[in-house]
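A.B. asks: Listed here are the chains, written in short residue letters.
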Amino acid sequence: MSPVLIVLGVLFVIALGVVGWIVGAYNGLIRLRNQLENAWAQIDVQLKRRCDLIPNLVETVKGYAAHERGTLEAVIQARNMAVAAKGVADRAQAENVLSGALKSLFAVAEAYPNLKADQSFLALQEELTSTENKVAFARQFYNDSVMTFNTQIEIFPRNVIAGMFHFVRREFFEVKDEAQRNAPQVKF
Amino acid sequence: MWEQIRANQRRSVILITGMVVGLILIGALAGGAIVWPTGVSFGIGVALVIWLIQMAIYFGGAESLLLHGAFAKELKREDSPQLFNIVEEIQLASGLPFIPRLHLIDDPAPNAFAVGSKPANSAICVTTGLLHRLNRDELQGVIAHEMSHLKNRDVQFMTLAAVMLGSIVILSEIIVRTMRFGGRSRDRSESRGGGGQIQLLLFVLALIFAILGPIMAQLLYFACSRKREYLADACGATFTRYPEGLAAALEKISQANVPVSFAGKATAPLFIVNPLAAASDGPALFATHPPTADRIRILRSMAGASLAAYESAYQQANGGNLIGPESLQTDPATPIRPAADDEPIATRQEVHATALRAHGYVPVNCSCGTTIQIPADRTATAVQCIRCGTPLPIPPVIARG
Chain A
217 MSPVLIVLGV LFVIALGVVG WIVGAYNGLI RLRNQLENAW AQIDVQLKRR
267 CDLIPNLVET VKGYAAHERG TLEAVIQARN MAVAAKGVAD RAQAENVLSG
317 ALKSLFAVAE AYPNLKADQS FLALQEELTS TENKVAFARQ FYNDSVMTFN
367 TQIEIFPRNV IAGMFHFVRR EFFEVKDEAQ RNAPQVKF
Chain B
39 MWEQIRANQR RSVILITGMV VGLILIGALA GGAIVWPTGV SFGIGVALVI
89 WLIQMAIYFG GAESLLLHGA FAKELKREDS PQLFNIVEEI QLASGLPFIP
139 RLHLIDDPAP NAFAVGSKPA NSAICVTTGL LHRLNRDELQ GVIAHEMSHL
189 KNRDVQFMTL AAVMLGSIVI LSEIIVRTMR FGGRSRDRSE SRGGGGQIQL
239 LLFVLALIFA ILGPIMAQLL YFACSRKREY LADACGATFT RYPEGLAAAL
289 EKISQANVPV SFAGKATAPL FIVNPLAAAS DGPALFATHP PTADRIRILR
339 SMAGASLAAY ESAYQQANGG NLIGPESLQT DPATPIRPAA DDEPIATRQE
389 VHATALRAHG YVPVNCSCGT TIQIPADRTA TAVQCIRCGT PLPIPPVIAR
439 G
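One line per chain: the protein sequences are A and B, in this order.
Counting in my numbering, the first sequence tops out at residue 404, every number present.
Counting in my numbering, the second sequence tops out at residue 439, every number present.
I should point out that these hints are in silico values taken from the structure, not numbers from a laboratory.
There's no promise every hint is true.
Cross-link-like lysine-lysine pairs, in silico, DSSO-like; alpha carbons within 27 Å at most [what the hints assert, rightly or not]:
{"hint": "1", "chain 1": "B", "residue 1": "LYS114", "chain 2": "A", "residue 2": "LYS332"}
{"hint": "2", "chain 1": "A", "residue 1": "LYS302", "chain 2": "A", "residue 2": "LYS264"}
{"hint": "3", "chain 1": "B", "residue 1": "LYS265", "chain 2": "A", "residue 2": "LYS264"}
{"hint": "4", "chain 1": "B", "residue 1": "LYS156", "chain 2": "B", "residue 2": "LYS114"}
Here the structure is a predicted model, which means the values were calculated and not measured.
Here chain B stands alone, though its shape is the one from the complex:
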């Protein structure tokens, strides 16, 4: 696995460097086109300032922003011991040196994602819709997929790449808008001669870069995103030794057909299955995820539970290589383990109760069989049962450990 991670990091550095160079190039060209030659350094300056602002957001806790935006609540062990157990199991299987935190989103659409630029910030987020649909094997598969993203440093890389992409898009926007003014200043300087020719050339080049840059960056970003999804599937299947778990989970997630209410265009690549894409719409080149049907087919045609088995299944389906030869060299041939339990790990009601508990609600049980959920900001000390009218005491607020 080390080789795989190192290869990923190498690719990350190449991509990020490429994007930084692109950013500076666009800035320099645009600056030069507007005022030659002093504008060049000014353009680079603007590009770097945009980049710095974006990096500040990235290092200043983009994950908490993301989790808050999705109304995710952190889970404690007592909320769902089984989910915590599954995470700990996969952590052991993956050899990840830290345990990510767990968050729950109260949403009927089944999905999951992982965030975290560094170990201390990393978290895996699941929806209530996911928990009541999947059995233990399938949930293991999903958690293993997300854990692979964390282990392979995909999350770190994709967030950084997203930051770079955002910077390039913003810069291009600025350039296209200022070109109108730039056009006027060009007319004036042209009469003075000298830099006129160069400026015209730069003007055209800047315009081409400003238009093509974001598209190219996006294509690169999406290509990386797709490859990393396949890789996370491969690692997830080897961690659990049970590819069918992840395959069945992907099938359930893609067939659920419940719209996700909390995903935006920017966060879509993070999810295990793209929450916005209705499977096949849009060209494959602009897809953040590989077609789910392909991912399922590859997982199901694996002859064993090793990386080599995934590699050969991948080659048969898509052609080309996915996993580096170094990783395959020390990859032990491992059989697929038998299936475990078949029941979903929790009922809809149980998952709902967990979500309420995570949001600070306290259940009060009445002897008539009714359960009343008291919200976190309670001030009353008693409540009347809504069914039989018995007054019930509300336990005092206890800080969640």
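Just chain A, with the same shape it has in the complex:
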């Protein structure tokens, strides 16, 4: 066997190994990205479900505590804003406002024993509590996935593959400065 053939053979094996690695790395990134997109879809599903539950809840509470108008209107307004919000950051902001409004609605409900004994209110409360949890858990899984994805596309040597196939960093679903958002507007 001539040395040329041996060199060619070695090169061929190396090339095969490189191609194999590229395929593996690419598939791994695709899998991560799909997981990410699925996680985002899950958040969306839960947020929609929460928005669907709110009109029922408002109606039920109105039946027992109609004069808690301010709280009820805050919930409706927050819901409408959440429905209209576009983009990850806007969405996160609006949903957080809605979570806060719902919390104060349930706090208000504590003062109405008849409302608290109402079967449909209890069922709605359980559904909304669980949906809140689901939003939080779906968000948590989404953010973990984003973290893994962003790390994977940045560390060497995978970043070469990520650059070649245009994998870009994803945004976290979170509200950056909660204290600032909740600060009351004081006017003199």
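Go by the hints and put chain B onto chain A.
C.D. replies: For chain B alone, kept in the frame of chain A given last:
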């Protein structure tokens, strides 16, 4: 998490391969010891047949067998919306691509387990005793622990390992019993010379393997089982972001002190806390679960709700590593979330009613405040109230959706 699952699968393959090799080795040695050399292939054949039978049981629905054996009834959403909500919540947190079914066992002992060799068959089983003792946070912890077993493919692996263990035990039993006959045939062939020496050696080796094999396999099996319990605790704590929930649940389960009536030796490793072991009896080497007190201590000493926090708590308590470095690398540092509700999710009566409903009973309410539970195989259309004697109509049987 992917790295963790892949590492588990790799270990699973190694263990299963090791056990298959062991099985074939024992079969070949025993066969050779009895009739040299034709017995070797015969012994391997016997070993493989035993293995095939066990695998057929495994793939033919071991989980339904298991659930039936425990008198578990499948729950529908309307039976316990809260429990279903909790399962859906943890499914989102874990990113498990499917939702396991839910089963309820009417038993006062609090416990839970997960079964399922594949997604479609997987189910989480809880007892009524568990439901009326735990609050939402604790139940989340238990469900998260079971979900971790499903996600990490522990259930699949442990069932397969149990099948292999069972095969080795059966084969060893056969060998030890046939050795008596084998002894006689050895005497005859020895006079002919030739294979006599080899046969004697094989005879001794086969006997050693037949005796040590099951013990070694069991030790390996239990070691894996213990490690996977710790891992499921770690993942469960990160899914819920609340290690205290699982810790408190483990404490309540281990302190309940109600004997479980439906657990056997074979199913014991499946439960969240070993239902047979009274905490500290028996050597640690043969324990299916790590000591519950240790598990609670590790969970409570976690500084955050990440895998890294569990890893360092584990190292402090037991020494050594648990979680692979790859998983820790992309593990986000996460704080523990605040506690939620403190009330148990249901009263004993409510849980009992759920169990009756799952078994097909229909409650009939009387105006005097009495509730009569009508069993599933009812034929009568009316019943008299046991307290005031008012005749009450029984609703027709409705198929459970």
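A.B. asks: Hints first: check each against the structure and report whether it holds.
C.D. replies: Going through the hints against the structure:
{"no.": "1", "hint": "B:LYS114 / A:LYS332", "in the structure": "25 Å, holds"}
{"no.": "2", "hint": "A:LYS302 / A:LYS264", "in the structure": "13 Å, holds"}
{"no.": "3", "hint": "B:LYS265 / A:LYS264", "in the structure": "40 Å, violated"}
{"no.": "4", "hint": "B:LYS156 / B:LYS114", "in the structure": "21 Å, holds"}
This entry does not satisfy hint 3, going by the numbered hints stated previously; all others are met.
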